[in-house]
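Same order as they appear, the protein sequences are chains A and B.
For the first sequence, this note's numbering assigns the number 1 to the initial residue and increments by one for each residue that follows.
For the second sequence, this note's numbering assigns the number 335 to the initial residue and increments by one for each residue that follows.
Careful: at least some of the hints might be erroneous.
[Claimed, not checked] Restraint ranges, calculated between C-beta atoms of paired labels, are given here:
| id | chain 1 | residue 1 | chain 2 | residue 2 | range |
| --- | --- | --- | --- | --- | --- |
| 1 | B | N535 | A | Q164 | 20 to 26 Å |
| 2 | A | I200 | B | N489 | 31 to 37 Å |
| 3 | B | A481 | A | I246 | 48 to 54 Å |
[Unchecked claim] With a straight-line cut-off of 25 Å between C-alpha atoms, the simulated DSS-like cross-links for lysine-lysine are:
| id | chain 1 | residue 1 | chain 2 | residue 2 |
| --- | --- | --- | --- | --- |
| 4 | B | K375 | A | K163 |
| 5 | B | K645 | A | K313 |
| 6 | B | K375 | A | K326 |
| 7 | B | K445 | A | K138 |
| 8 | A | K199 | B | K633 |
| 9 | B | K622 | A | K321 |
| 10 | A | K176 | B | K645 |
| 11 | A | K334 | B | K645 |
| 12 | A | K199 | A | K138 |
| 13 | A | K169 | B | K445 |
| 14 | A | K269 | B | K375 |
| 15 | A | K326 | B | K557 |
| 16 | A | K163 | B | K636 |
[To be verified] Interface residues of chain A toward chain B, partial, derived using beta-carbon atoms under 7 Å:
| id | residue |
| --- | --- |
| 17 | P209 |
| 18 | S317 |
| 19 | K326 |
| 20 | F330 |
No lab work stands behind these hints, which were simulated from the structure alone.
Quick reminder that beta carbons are idealized off the backbone N, C-alpha and C, glycines included.
One letter stands for each residue in the lines below.
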Amino acid sequence: MVFIFAGGSFGLKANLEEHQKKSSYSKALAESLIEVNIVKNKKESLKELDLLAKSFIEKGFYNRALDVYDKILRQKLPRKKVFEYYVIIGDLYNLKKDYNLSLDYYKKALYIRKNNAEVMVKIGKTFFEVNLFELAEKMFLAALKIDKKSIKANRGLGDLFYKQGIYEKAINYYIKIPKEFYEREIIRNMADSYKNLNKINEAMDILEPFLEKHIDYELTFDMGLIYMSIDNYEKAKEWLLKSLEIKANNFKNYVYLASLYDLTGEHKKAIDLFNKAYNLDSSYASVDFMRASLAYKTGRIREAKMYANESYKKAKSVFVKDQAKKLIEFLNKK
Amino acid sequence: MIPIKSSIFIIFVVLLSVYTSFAKVQDFNEENFFIDVLWRKAMSVEEKQLPKIALVLGGGGARGFAHIGVLKALQEERVPVNLVVGTSVGSIAGALYCAGASLENFQNDIKDFDVGDISNFSSISLLEMLLTDRRLSNKKLEDFINARIGEVTFNQLQIPLVCIATDLITGERILLREGSVAFAARASSTVPGIFQPVEYNQRYLIDGGLSENIPVSVAKIFKADVIIAIPLSADITKNSVTNIFLTLMQAIYIQGQSLDQYNLSMADVVISPDVGDLNAANFAGAYKTIDKGYMVTKKSIKEVKIAIINKIPERVLIE
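Given these sequences and hints, build the entire structure.
Shown next, in the form of structure tokens:
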């Protein structure tokens, strides 16, 4: 509680200081904008406006940046520059999640340079953001026709198919990306795709090299689940314990590890971990159900009935409630 | 009176506490975890203690490619299957699956599938059909299936299979579960009026879709505890009826609709790939239905697992 107070106090103070900084900064920027307007040399003016817009973007003032670009585009510019600005504006609207306007500007850019793979990828990504998967796929494929090795297009298609659960196709595109460009998210998606395709060795081949070099709670936990899926419980325990070392006091970790101990007959360890999970969050019916099951297996019938009743009361889904009811009926015969 | 700054601070702390307790188990899906735990327990019990699980693969012509996607997904999720009952294209998919054929290889194999691969369909033979009594032959379908599973008989299959055909003369539903698997699947897929009926034990057999397109009742006869039905129903309002074949198909669909609905009501799980807009004769557009079958099955896996878990006695799951 003291820690929270201290943390909260620090947070609030930091926020206020940040706000003050931003206000004085924006005031300075606004003043420089007025100065730039007075500058008579058009070339200098364009350069200054460009820098100003970039500063606004860096600080997160997207609307102001857009105002500046609007000013810039009113001038007579070479097509190359117009193209570049259209793309930047499209990116800005994307950041603001204004996807319609983002698409408008990307399309304007594409009108100037019809075979620009990078803009096609950006359009594809925008369609992807709004779940227009068929259109996204078309754009990524169009980009690949122009640039067969486009990492971004292959990544886009991989992500697209992954999101739709078409794991085989996702993998087909991810593997076209050179390994040195494998970011964490690609690794996670590939491992998950392989796991869903029951290609466990491939999943491990993707995750293990990454985990040798990085400490990553989520992916370490995923390794544990992968081993669980192939019934290699010893390895699964190893990885789940490792993930617990990275992030201690973790509800999800406790319940999965506990269920593993239950499967391997290590009831005491399972009970211990389910109790820890319960202490972190007592609202889950499934935890009470497992405690009931373990209490029954260790001969504590009265306790088992109590936990089963708790499970029934707390159950939020029909399935869990049904199972809890069956458990109560089963225990009542004992 | 609490100063304003202190009030803001207190509200901030309260909100922070609420957020952190919410965020703590934000990424924990209880139902998924619970299903996972019980499924693992279920799969670790002896086979004889598990419920009998039947797959019912409905007919639907070219839409039947979706069955490949469905079966692939079920295989990946390691759903145990004890019986397959198939009608028409469902019989063909069932034959491949029950014989243990590689679905992935088959999927690659049929990328350029053409109806000429399974029949003597051509413009000449169509003309012959119109001018004479001679109908097309789908004998090539038998060869097509045998090439992929070997010339196996029903008792050589890894999973029991029943193929549904119809007696052209009596209208009876005929259950084929002995002899050549490829022959049975062919008989089950013989579209009347287009293909020559298949002679079998003094009967003339045609497409099983005429008597039972989604044979859930057959799975019941074989005492399945959990029935997973995969209908490939057409959205008949979108069907074209511009030629004899398509008109015949439409007639079959209309007739079968009410029986299909009754059968589906008896299934424990219904997995419906979204293929209703593909015409049964449109083999050119059939390949993309594989993904549809796959995706809908992946989404339905939870339902499948729940249906199976619910049929396992509590004693078995707890002890």
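Checklist line | Earlier hints that do not hold, by number | finding: Of the numbered hints, 1, 4, 9, 10, 12 and 17 do not hold.
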